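Colleague: Protein sequences, first through last, are from chains Y and C.
Position one of the first sequence corresponds to residue 319 (the numbering used here), numbered consecutively onward.
Position one of the second sequence corresponds to residue 24 (the numbering used here), numbered consecutively onward.
Please note: incorrect hints may appear among the correct ones.
[Said to hold, decoys possible] Mimicking DSSO-like on lysine-lysine, the simulated pairs with C-alpha atoms at most 27 angstroms apart in a straight line are: (1) K583/Y <-> K91/C; (2) K583/Y <-> K95/C; (3) K525/Y <-> K299/C; (4) K654/Y <-> K493/Y; (5) K322/C <-> K532/Y; (6) K124/C <-> K385/Y; (7) K415/Y <-> K186/C; (8) K186/C <-> K525/Y; (9) K356/Y <-> K385/Y; (10) K322/C <-> K555/Y; (11) K538/Y <-> K322/C; (12) K385/Y <-> K91/C; (13) K186/C <-> K385/Y; (14) K594/Y <-> K356/Y; (15) K367/Y <-> K415/Y; (16) K322/C <-> K547/Y; (17) K95/C <-> K385/Y; (18) K299/C <-> K262/C.
[What the hints assert, rightly or not] Covered, in the sense of this in silico footprint (three residues per stretch, anywhere, with C-beta under 8 angstroms from a C-beta of chain C), are these stretches of chain Y: (19) 377–387; (20) 424–432; (21) 519–525.
Rather than coming from a laboratory, the hints here were simulated on the basis of the structure.
On a predicted model such as this, the values are computed, not experimentally measured, just so you know.
A virtual CB, placed ideally from N, CA and C, is assigned to each residue, including glycine.
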Amino acid sequence: MKRREFLQSTSLLSAAALFPASLLAPEARAANTRRFPKPLQPEMDGEVKVFRLFVDIYQQEVVPGFKFHTLAFNNQVPGPEIRVKRGDKVRVIFKNKTELNHTIHWHGMHVPWRMDGVPYVTQMPVMPGQEFVYEFEAEPQGTHFYHCHWGTLLHMQSGMYGSLIVEEPDDPIRKRFPYQREYTLIYSAHDSNFIRNELNSMLERMKERMYLMKNGRFDKRRFAVFNTKEEFVQAVKDGYLPPYVISRRSRAELPQPNWFTVNGKSYPMTPNIYIKTGENIRLRLINAGTEEHYLHLHGHDFWQVCDDGLPVPQPWQRNTLRLSPGKTLDIIIEGKNRGIWTFHDHDTRRVTNNGLYPGGNLLALVYEDLPAEETELNMMARKMGLPNLPIVALDE
Amino acid sequence: MKSIKIFLWVLAFGLIVLSQRAWAQVTPEFQIGARGVVSFNTDVANHKATSAVNDFSDSGLLVGFRQKMYNKFRGQLVIGFQFPDADSDLGQLFFHQTFVKLEDRTNIIKLGRSRVRSSLIEFPTLRDDDALPFTDVLNPFSNGQNSEDNQYGNVAEYAHVFKQRYWVRIHGEHFTETPIPPETSETDFSLNAIGFSLQYRVPRTQLWNRPFLQQIGIGFNNFLTDRPGYSGQWDRALKNVVVSTILNLRPDPVYFWDFRAQVIYNFGFDEITAVKEYAELTRARSFAGLASLRYLYRKLERPALQIAVSAGYKTFPDLKTASSQFQLVGNTFYRLGDNFDVALQVQYKQFSGDLKNLYGENQVRFQVGLVYAIDHAWNRQFDDRDSLLNLEHGYIP
Ligand SMILES: [Cu+2]
Numbered sequence: 319m320k321r322r323e324f325l326q327s328t329s330l331l332s333a334a335a336l337f338p339a340s341l342l343a344p345e346a347r348a349a350n351t352r353r354f355p356k357p358l359q360p361e362m363d364g365e366v367k368v369f370r371l372f373v374d375i376y377q378q379e380v381v382p383g384f385k386f387h388t389l390a391f392n393n394q395v396p397g398p399e400i401r402v403k404r405g406d407k408v409r410v411i412f413k414n415k416t417e418l419n420h421t422i423h424w425h426g427m428h429v430p431w432r433m434d435g436v437p438y439v440t441q442m443p444v445m446p447g448q449e450f451v452y453e454f455e456a457e458p459q460g461t462h463f464y465h466c467h468w469g470t471l472l473h474m475q476s477g478m479y480g481s482l483i484v485e486e487p488d489d490p491i492r493k494r495f496p497y498q499r500e501y502t503l504i505y506s507a508h509d510s511n512f513i514r515n516e517l518n519s520m521l522e523r524m525k526e527r528m529y530l531m532k533n534g535r536f537d538k539r540r541f542a543v544f545n546t547k548e549e550f551v552q553a554v555k556d557g558y559l560p561p562y563v564i565s566r567r568s569r570a571e572l573p574q575p576n577w578f579t580v581n582g583k584s585y586p587m588t589p590n591i592y593i594k595t596g597e598n599i600r601l602r603l604i605n606a607g608t609e610e611h612y613l614h615l616h617g618h619d620f621w622q623v624c625d626d627g628l629p630v631p632q633p634w635q636r637n638t639l640r641l642s643p644g645k646t647l648d649i650i651i652e653g654k655n656r657g658i659w660t661f662h663d664h665d666t667r668r669v670t671n672n673g674l675y676p677g678g679n680l681l682a683l684v685y686e687d688l689p690a691e692e693t694e695l696n697m698m699a700r701k702m703g704l705p706n707l708p709i710v711a712l713d714e
Numbered sequence: 024m025k026s027i028k029i030f031l032w033v034l035a036f037g038l039i040v041l042s043q044r045a046w047a048q049v050t051p052e053f054q055i056g057a058r059g060v061v062s063f064n065t066d067v068a069n070h071k072a073t074s075a076v077n078d079f080s081d082s083g084l085l086v087g088f089r090q091k092m093y094n095k096f097r098g099q100l101v102i103g104f105q106f107p108d109a110d111s112d113l114g115q116l117f118f119h120q121t122f123v124k125l126e127d128r129t130n131i132i133k134l135g136r137s138r139v140r141s142s143l144i145e146f147p148t149l150r151d152d153d154a155l156p157f158t159d160v161l162n163p164f165s166n167g168q169n170s171e172d173n174q175y176g177n178v179a180e181y182a183h184v185f186k187q188r189y190w191v192r193i194h195g196e197h198f199t200e201t202p203i204p205p206e207t208s209e210t211d212f213s214l215n216a217i218g219f220s221l222q223y224r225v226p227r228t229q230l231w232n233r234p235f236l237q238q239i240g241i242g243f244n245n246f247l248t249d250r251p252g253y254s255g256q257w258d259r260a261l262k263n264v265v266v267s268t269i270l271n272l273r274p275d276p277v278y279f280w281d282f283r284a285q286v287i288y289n290f291g292f293d294e295i296t297a298v299k300e301y302a303e304l305t306r307a308r309s310f311a312g313l314a315s316l317r318y319l320y321r322k323l324e325r326p327a328l329q330i331a332v333s334a335g336y337k338t339f340p341d342l343k344t345a346s347s348q349f350q351l352v353g354n355t356f357y358r359l360g361d362n363f364d365v366a367l368q369v370q371y372k373q374f375s376g377d378l379k380n381l382y383g384e385n386q387v388r389f390q391v392g393l394v395y396a397i398d399h400a401w402n403r404q405f406d407d408r409d410s411l412l413n414l415e416h417g418y419i420p
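Construct the complete structure from the given sequences, taking the supplied hints into account.
Modeller: Here it is in structure tokens:
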């Protein structure tokens, strides 16, 4: 056995001895896996990959002790990951199990326009109990996402988003930076008070509307829907008051996110990103929220390789990037500096849980080959019953 | 040794910082309820008309604070005042609400000055006391000067909610006792009433779920009166039974019709065979019924016009002279803007027997008014028991 192989096998077998047991224990690893979007398995119908998505109201635990009602695809926040090859024929059967309206928009995808999921522009909303079938060819390659496009401000931060990864058979990124492991990280920002108030009021209004709909009494003004702009302008001249005039809320109540999540969780429940010395890993970063995030990695310069899913002509190195709402960016991290390193928003308001630091979208890049002795703490810490780093600490 | 000392210092300092933080960071939910009712009244009694330019009684302000407790309970404090009726002797302002409340999903504890449980449901009248002899069990400790005596008191109440819709309530009150001269104010605030009620009630948010039966309830009110000639507490107590219901005749979101009715049976004291004063009126055996029919037109999902007619009849079977009272209330509210209404109300009252001597034969009152009522909360941090999310999608404490 060569020395190198020997080292590899021992490091695998005795990982727990080398490393803080808390981070590498099988249960911890399994729990960490669950903090990434779960791939959705398609059924095949001929050459078409058929995916089934439903939306229902679901309680998401962002951190222990804090839950909120969400709108979730397949009872997951984010929704399951749809992963296909470029050119695949895709069918998504979408079932609405809520009493609200929804659609699905395929963000960044070149779908036929009637499949774009914009209510009243490309389709009627998918109403309570209804099903809608989306069909398209997976194009273009890269990191994309899907989200609800009805009442987008509310429905997206309520949890209706998920990753859509289109694999390129001849991926130039993998060629230049050979990698085995990749991680999807979906960022969002939630105003839990706005979500609760608006979901409640929307549910109340929809009960009333569905009562009328069932009796075949669709009133355009009541539902605030018009055939043309002219019809709408005329309605206002005739005394119709649009919702923004009746003014449902005052300005101070515009959403102000107070919870910041990665894959639906806030620190300390955010996922760990595992890496080994000498390894390249790929991170697919998606911003499905309303806030801009300035993501900074400690101790490394990573390569930014894709923008909106497409490979950039010249990957560049940096340690902080700006992830705007609606944007996806892919980065490659080279395992060059053994340790435990944080990767977080440098607008540190977003590294809070409800305004209290630390929390939010803070997560850790963890080297699996970190020797245990490097994580040891001093005498005082041991007296406090704290043997190794990292420690979950919630106090400022 | 030194490191331990430092550690203890750090710990102590940390605890101080932590405790201050915790105190500073709990900003409560802040609630405001305000109601302004101003009307121009014209009364016609015995063919003579009198008018009042500005009747603003029943206007008031409520301020509330609410926050989460360390367990699953929420704590609340409400303080409020009202402008009493012009002919009351309560002064310019009357603090009708000052209570604290602790509640979780199914338990509610309320202590302080508040609305007494003298009725099970509310009726569509311009002011809360417009049909008081029919809407409320009357306070036998009052001389009848202040209608507020019947509506507000010192309350200790526990309620439990089963399956979101079944309410069991046990309450003990101190109802205001009109001081007997030479006393000028109350000195005894002990418990002088106990009661309990059972109710089925559809949460407001589920109005469209259950089309017909909205509420049905029964309540028992017992006043711990001092009845001359009787020693046992049960015999001395003045007992009342209240039964109520609300039915959605037509639960249509645009053209909405509902019906509500409440009957109050006062077992009374059978030795009272004539009514010459309020104390006798409240203690004589009586049967009162009130029913309302309400039509609500809702435009663009908000109320636009409400028309309601209510009729009440009350009879006193034990009185030597056949005595009864009858009341008709018709009103309409037209909405000018969010929470702001123009109101018109006509009331007709008729009295016979002993009541005629107290109140005259009949009375007509015409009222034109403006009503502005708001109820708003800032800094909201948690959901209510009756929200659709909590009712239908799992309760989050
Ligand atoms: Cu939606």
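Colleague: Quick check: do three or more residues in the region 377–387 of chain Y have a beta carbon closer than 8 angstroms to a beta carbon of chain C?
Modeller: Result for this restraint: holds, n = 4.
Colleague: Do the alpha carbons of K322/C and K547/Y lie within 27 angstroms of each other, as the hint requires?
Modeller: holds (22 angstroms)
Colleague: Does the structure keep K356/Y and K385/Y at a Cα separation of 27 angstroms or less?
Modeller: holds (20 angstroms)
Colleague: Take the C-alpha atoms of K95/C and K385/Y, compute the straight-line distance between them, and say whether it is at most 27 angstroms.
Modeller: holds (13 angstroms)
Colleague: K654/Y and K493/Y: Cα distance at most 27 angstroms?
Modeller: holds (19 angstroms)
Colleague: Taking beta carbons only, do three or more residues of the region 519–525 of chain Y come closer than 8 angstroms to chain C?
Modeller: Contact hint for the region 519–525 of chain Y vs chain C: holds, 4 residues under 8 angstroms.
Colleague: Please work out if K322/C and K555/Y have their alpha carbons no farther apart than 27 angstroms.
Modeller: Roughly 17 angstroms separates the two Cα atoms, so the pair holds.
Colleague: Regarding the pair K538/Y and K322/C, is the alpha-carbon distance no greater than 27 angstroms?
Modeller: holds (12 angstroms)
Colleague: Given the hint that K583/Y pairs with K95/C, test it: the Cα-Cα distance must not exceed 27 angstroms.
Modeller: Holds: K583/Y and K95/C sit about 23 angstroms apart, inside 27 angstroms.
Colleague: Are the Cα positions of K385/Y and K91/C separated by 27 angstroms at most?
Modeller: holds (15 angstroms)
Colleague: Sort out whether K385/Y lies within 27 angstroms of K186/C, counting only the CA atoms.
Modeller: holds (22 angstroms)
Colleague: Hey, K124/C versus K385/Y, does the alpha-carbon distance stay inside 27 angstroms?
Modeller: holds (24 angstroms)
Checked against the numbered hints given earlier, the structure breaks hints 3 and 20 and satisfies all the rest.
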